[in-house]
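Engineer: Assemble the whole structure, with the sequences as input and the hints as a guide.
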Amino acid sequence: MRVAVERTVVIANKEGLHFRPIMRLVDTVGKYSATVRLQVEERVADASSAMELLMLVATQGSMVRVTADGDQADEAADAVVQLIDNGFGE
Amino acid sequence: MIQKKGIGASPGVAIATALILDTEEFRIPRRTIDAAQTPHEIRVLEASLAASCEEVKALRVAATRKLGEKTAEIFAFHLAILTDKRLRNSVVDLIEKYRYPAAYAFGQEMNRRQREFRAVADVYLKERVRDLYDIEKRVLRHILGRAREDIRNLTQPVIIVAHDVTPSQAVTFDREHILGFAINVGGQTSHMSIIARMLGIPAVVGLNDITSDITGGETIVVDGTNGVVIADPDGGTLARFRQQQLAYKAHVAELAPLRDQPAVTLDGQTITLQANIELAEEARTAIDGGAEGIGLYRTEFLFLANERPPTEEQQYEVFRGAVRHAQGRPLTLRTIDLGADKMMRSMRAEGHDANPTLGLRSLRYCLQHLDMFKTHLRAMLRAAVDGDVRIMFPMITTVIELRQAMSIVSDVKEDLEEEGVPFGAHVPLGMMVETPAAALLMSSFARHVDFVSIGTNDLTQYTLAVDRGNERVAHLYASHSPAVLRLIREIIKGCKRFKTSVSLCGEMAGARIYTQLLLGLGLRQLSMAAPELLEVKQVIRSTRISDCEAIARKVLRFDADRQVLNYLREQLDMLDGSAE
Chain C
1 MRVAVERTVV IANKEGLHFR PIMRLVDTVG KYSATVRLQV EERVADASSA
51 MELLMLVATQ GSMVRVTADG DQADEAADAV VQLIDNGFGE
Chain F
1 MIQKKGIGAS PGVAIATALI LDTEEFRIPR RTIDAAQTPH EIRVLEASLA
51 ASCEEVKALR VAATRKLGEK TAEIFAFHLA ILTDKRLRNS VVDLIEKYRY
101 PAAYAFGQEM NRRQREFRAV ADVYLKERVR DLYDIEKRVL RHILGRARED
151 IRNLTQPVII VAHDVTPSQA VTFDREHILG FAINVGGQTS HMSIIARMLG
201 IPAVVGLNDI TSDITGGETI VVDGTNGVVI ADPDGGTLAR FRQQQLAYKA
251 HVAELAPLRD QPAVTLDGQT ITLQANIELA EEARTAIDGG AEGIGLYRTE
301 FLFLANERPP TEEQQYEVFR GAVRHAQGRP LTLRTIDLGA DKMMRSMRAE
351 GHDANPTLGL RSLRYCLQHL DMFKTHLRAM LRAAVDGDVR IMFPMITTVI
401 ELRQAMSIVS DVKEDLEEEG VPFGAHVPLG MMVETPAAAL LMSSFARHVD
451 FVSIGTNDLT QYTLAVDRGN ERVAHLYASH SPAVLRLIRE IIKGCKRFKT
501 SVSLCGEMAG ARIYTQLLLG LGLRQLSMAA PELLEVKQVI RSTRISDCEA
551 IARKVLRFDA DRQVLNYLRE QLDMLDGSAE
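Chains as they are written, first to last, in this note's numbering: chain C, 1 to 90; chain F, 1 to 580.
FYI, nobody ran anything at the bench for these hints, they're computed from the structure. None of these values were measured; they are calculated from a predicted model. Check before you lean on any hint, since a few could be wrong.
[Unchecked claim] Below, a sample of chain F positions facing chain C; criterion: calculated Cβ distance under 10 Å:
1. 84
2. 116
3. 308
[What the hints assert, rightly or not] As a list, the in silico SDA-like pairs of lysine to any residue whose alpha-carbon atoms are at most 20 Å apart:
4. F:85 - C:90
5. F:57 - C:23
6. F:70 - C:44
7. F:85 - C:37
8. F:70 - C:37
9. F:85 - C:30
10. C:14 - F:74
11. F:70 - C:13
12. C:31 - F:70
13. F:70 - C:33
14. F:70 - C:27
15. F:70 - C:23
16. F:70 - C:24
17. F:85 - C:20
18. F:85 - C:89
19. C:31 - C:14
20. C:14 - F:17
21. C:31 - F:76
22. F:57 - C:24
23. F:57 - C:26
24. F:85 - C:6
25. F:85 - C:14
26. F:85 - C:24
27. F:85 - C:13
By construction, the Cβ of each residue, glycine as well, lies at the ideal position given by its N, Cα and C atoms.
Structural biologist: Rendered as structure tokens:
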């Protein structure tokens, strides 16, 4: 059953999406079969791609639109939002 | 398929994968491939990504140990990029859609990302573009055939593609795996070319920008006979060159029986053919290949392989080895000809000549570094005990220089005698004539020396004021220039007056187009790269001295290089025609 989910979250950690946050995002999304996308301004990244996440250039205070598609879309979106909200545990 | 014309520096055909040497930046040509090749390029991409991952994993382990978890994170991130499926897919798309080769597609994709990233990134993230660059270079290195791998540790056959190859690089070449050379700079007589001929490896030089036309790892053809390089040849072309390769090998085989035939003209004049060598072991292959001795042993190559001058014992061992390899034949040791394009590291540190070919080089350098020079001469004189050794001084311009060099030899002999060290007491001493000054004053020199050897490479360079390694003026370099030929005539005349034996050891000696002319000018002894010996012998065995003299008389009346060359070519064609 495919469901499109959408959430909005603000980057909380000081350094934004740098190495460790990117890798944690890739790991987290990898646990779900849903396709998760992150959007900052007009830039969109597939959350399974470290390259695209880096290119997103999300810094502290950036507004991120999280969309998820496919099985476990809700769970995946929640997990991503929680990770970002917690400042990636930094 | 790309075809480039250069200068044929060493004959023969080589077909192998390209190894690009010393590329600081990877310049990857934009080119398209056949649709059928796309799966191969995709496999190359994947293998290179996988190999890069392995490297990065190892780096991460090392970094964790040495620098801590935090620093090692960088490599974890690199790994995440290298395993990024979406990045891989976009490169594969470029390969499939535009038929780009893997290197070009990957380079394109990474460049685009870096550009976009730079445009938006803030100061902190901007630094990360360096990581992208680093990742790009790592993967390209794998795609381009391990371009930076040490050429001493080759495991499969390659053709070296480079801007230039320094003599010190050349001495470390692994001859087993290097099948050919394609070089941006240089001419027929640049050191790279000499070495290639010496090693019997096909080479094309003076290709200008071959390093940017060729992608490492792709198949290339080097046709050293015709001075052509072909990248990425199609099936038909490849077949044609394989044919040509066989024909060349057949030609070499056809000459082989000449090895045991004497070098005698049809009218009974015997000519002495010797070989030029750079490494001691080459003496054996040269003698076995039909040389009657070593007319020029360029001993500086022993110095170039090391950072500091070798010790007396080290030199002695090498020279003794050369004597042994020469198997009782004459062995002419030339004292080191360093400077200009052949430098040791310790020399570079001493100072810099704005105009090195006119600077502190060769014998001039030795006369200012007496301890080193004496050590060098001691080793030579000691090695002379075991064989027919001769010592020759290069780059002489004044009689005083020659006398100084000879008196240093006497000093060294006295020292050896006092110390009771055995040495060759009657070693003949000779000089090279490679400056117009020495040529013009030949009779002043000839009375002092036991023998003279004409070095036409430098003689041409100094007479015509042309740097033979400078591709912008290399076309002006011509050993057959009437000016050079008249100097050669003067040298021979000066030597005859004092009955001093004279030979010629420049590249001219090994080029069969000049053989008749040189005999006609009066030369009876030639020294050349061993692979050229039989070709020259073939000419000698099918000509007469009287014909050669007529050719020389005619040539000396010409006033343009072109006329000389055309006439000599005509004469050689006639000779070849009558032989068939």
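Engineer: State for each hint whether it applies.
Structural biologist: Now the hints, each set against the structure:
1. Annotation: interface hint on residue 84 of chain F holds; nearest CB of chain C at approximately 5 Å, less than 10 Å.
2. Because the closest C-beta pair between residue 116 of chain F and chain C is about 6 Å apart, less than 10 Å, the hint holds.
3. Violation of the interface hint for residue 308 of chain F is found here, the shortest Cβ-Cβ separation to chain C being roughly 46 Å, above the 10 Å cut-off.
4. At most 20 Å may separate the alpha-carbon atoms for a hinted pair to count; residue 85 of chain F and residue 90 of chain C exceed this at roughly 27 Å.
5. About 15 Å separates the Cα atoms of residue 57 of chain F and residue 23 of chain C, which keeps this hinted pair within 20 Å; it holds.
6. A C-alpha spacing of about 28 Å is found between residue 70 of chain F and residue 44 of chain C, which places the hinted pair above 20 Å, so the restraint is violated.
7. Simply put, residue 85 of chain F and residue 37 of chain C have alpha-carbon atoms about 15 Å apart, close enough for the 20 Å limit, and the pair holds.
8. Restraint check for residue 70 of chain F and residue 37 of chain C: not satisfied, since their Cα atoms lie roughly 28 Å apart, outside the 20 Å limit.
9. For a cut-off of 20 Å, the pair hint linking residue 85 of chain F to residue 30 of chain C stands: about 12 Å separates their Cα positions.
10. For the proposed pair residue 14 of chain C and residue 74 of chain F, the alpha carbon gap of about 18 Å is at most 20 Å, so the pair holds.
11. Taken as a hint, the residue 70 of chain F and residue 13 of chain C pair is honoured in the structure, with Cα atoms around 17 Å apart against an allowance of 20 Å.
12. This hinted pair does not check out: residue 31 of chain C and residue 70 of chain F have alpha carbons roughly 24 Å apart, beyond 20 Å.
13. At roughly 30 Å between alpha-carbon atoms, residue 70 of chain F and residue 33 of chain C are farther apart than 20 Å, so this suggested pair is violated.
14. Taking the CA atoms of residue 70 of chain F and residue 27 of chain C, the gap is near 18 Å; set against the 20 Å cutoff, the hint holds.
15. A distance of roughly 13 Å separates the Cα atoms of residue 70 of chain F and residue 23 of chain C; the hinted pair therefore holds under the 20 Å criterion.
16. Restraint check for residue 70 of chain F and residue 24 of chain C: satisfied, since their Cα atoms lie roughly 15 Å apart, inside the 20 Å limit.
17. Between residue 85 of chain F and residue 20 of chain C, the direct Cα distance comes to roughly 19 Å. Compliance with the 20 Å bound is thereby established for this hinted pair.
18. Simply put, residue 85 of chain F and residue 89 of chain C have alpha-carbon atoms about 26 Å apart, too far for the 20 Å limit, and the pair is violated.
19. Using a Cα cut-off of 20 Å, the hinted pair residue 31 of chain C and residue 14 of chain C is violated, with the two alpha carbons roughly 26 Å apart.
20. Pair hint residue 14 of chain C plus residue 17 of chain F does not hold up; C-alpha atoms about 50 Å apart against a cutoff of 20 Å.
21. The straight-line distance between the Cα atoms of residue 31 of chain C and residue 76 of chain F is roughly 18 Å, inside the 20 Å bound, and the hint therefore holds.
22. The straight-line distance between the Cα atoms of residue 57 of chain F and residue 24 of chain C is roughly 18 Å, inside the 20 Å bound, and the hint therefore holds.
23. Taking the CA atoms of residue 57 of chain F and residue 26 of chain C, the gap is about 18 Å. The hint holds against a cut of 20 Å.
24. For a cut-off of 20 Å, the pair hint linking residue 85 of chain F to residue 6 of chain C is broken: about 24 Å separates their Cα positions.
25. For a cut-off of 20 Å, the pair hint linking residue 85 of chain F to residue 14 of chain C is broken: about 28 Å separates their Cα positions.
26. Between the alpha carbons of residue 85 of chain F and residue 24 of chain C the distance comes to roughly 16 Å, so the proposed pair stays at or under 20 Å and holds.
27. This hinted pair does not check out: residue 85 of chain F and residue 13 of chain C have alpha carbons roughly 27 Å apart, beyond 20 Å.
In the structure shown, a violation is registered for the earlier hints numbered 3, 4, 6, 8, 12, 13, 18, 19, 20, 24, 25, 27, in ascending order.
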